[in-house]
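Trainee: Now for the letters of each chain:
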Amino acid sequence: NAGVMQNPRHLVRRRGQEARLRCSPMKGHSHVYWYRQLPEEGLKFMVYLQKENIIDESGMPKERFSAEFPKEGPSILRIQQVVRGDSAAYFCASSGLAGDTQYFGPGTRLTVL
Amino acid sequence: TQLLEQSPQFLSIQEGENLTVYCNSSSVFSSLQWYRQEPGEGPVLLVTVVTGGEVKKLKRLTFQFGDARKDSSLHITAAQPGDTGLYLCAGEAAGWNYQLIWGAGTKLIIKP
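Protein chains in written order, with the working numbering: chain V, 1 to 113; chain Y, 1 to 112.
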């Protein structure tokens, strides 16, 4: 049973470009969570999605950031017009039900030049 | 805003020594989880504690949830180099059964 998969593992973008981060949840899981981790800090909740629905995006910046989890395919975290402050590790987690244990992917390390 | 404070932030000890890592908050959590994170990887769940006063053991690791469910500790007995890593605590806020509140982590180095 494959775990949570994220790609790419490393992403380099120049300021102003777009970053697309993908997350495939664990098989059978329909709940996806995105977190951001800055160096020397804990994870910060960004958004919680179920298939085709955003349940809670209270941790996500209002501008430039968006997330989706379509009926088919992976969840996507999209950052438009990236700035240097967006450089961080972005982790995706999935669970079978809301409130169940969240299993984390290996993360995508975004570097904005 | 709910916060989880972990201490110490960094700990470097010799193999064979014992250590304790703390996770404290002024808020009550419905559950608290401990994770270990290796460089370049995502956090891996070690244990979840749910009941106030609960103690769970995982080989040489002992986890305790405070009676008031505001704090937790991780004790490692006879630490080994393989225990080296970043240890993170995360609390499930009451009423928010999916939004985890994270501590900043304790970076642990065990020297052979």
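If you are wondering where the hints come from, they were derived from the structure by calculation, not from laboratory data.
One thing to keep in mind: the hints can contain errors.
[What the hints assert, rightly or not] For lysine-lysine, the following DSS-like pairs were computed, each having C-alpha atoms within a straight-line distance of at most 25 Å: (1) Y:Lys111 x V:Lys44; (2) Y:Lys57 x Y:Lys70; (3) Y:Lys59 x V:Lys44.
[Claimed, not checked] Covered, in the sense of this in silico footprint (three residues per stretch, anywhere, with C-beta under 8 Å from a C-beta of chain V), are these stretches of chain Y: (4) 13-23; (5) 43-49.
[What the hints assert, rightly or not] Part of the chain V face toward chain Y, derived, beta carbon under 7 Å: (6) Gly42; (7) Glu63; (8) Phe65.
The beta-carbon is built from N, C-alpha and C at its ideal position, and this holds for glycine as well.
Trainee: What are the numbers of the hints that this structure violates, sorted from low to high?
Mentor: Violated hints (numbers, rising): 1, 3, 4, 7 and 8; every other hint is consistent with the structure.
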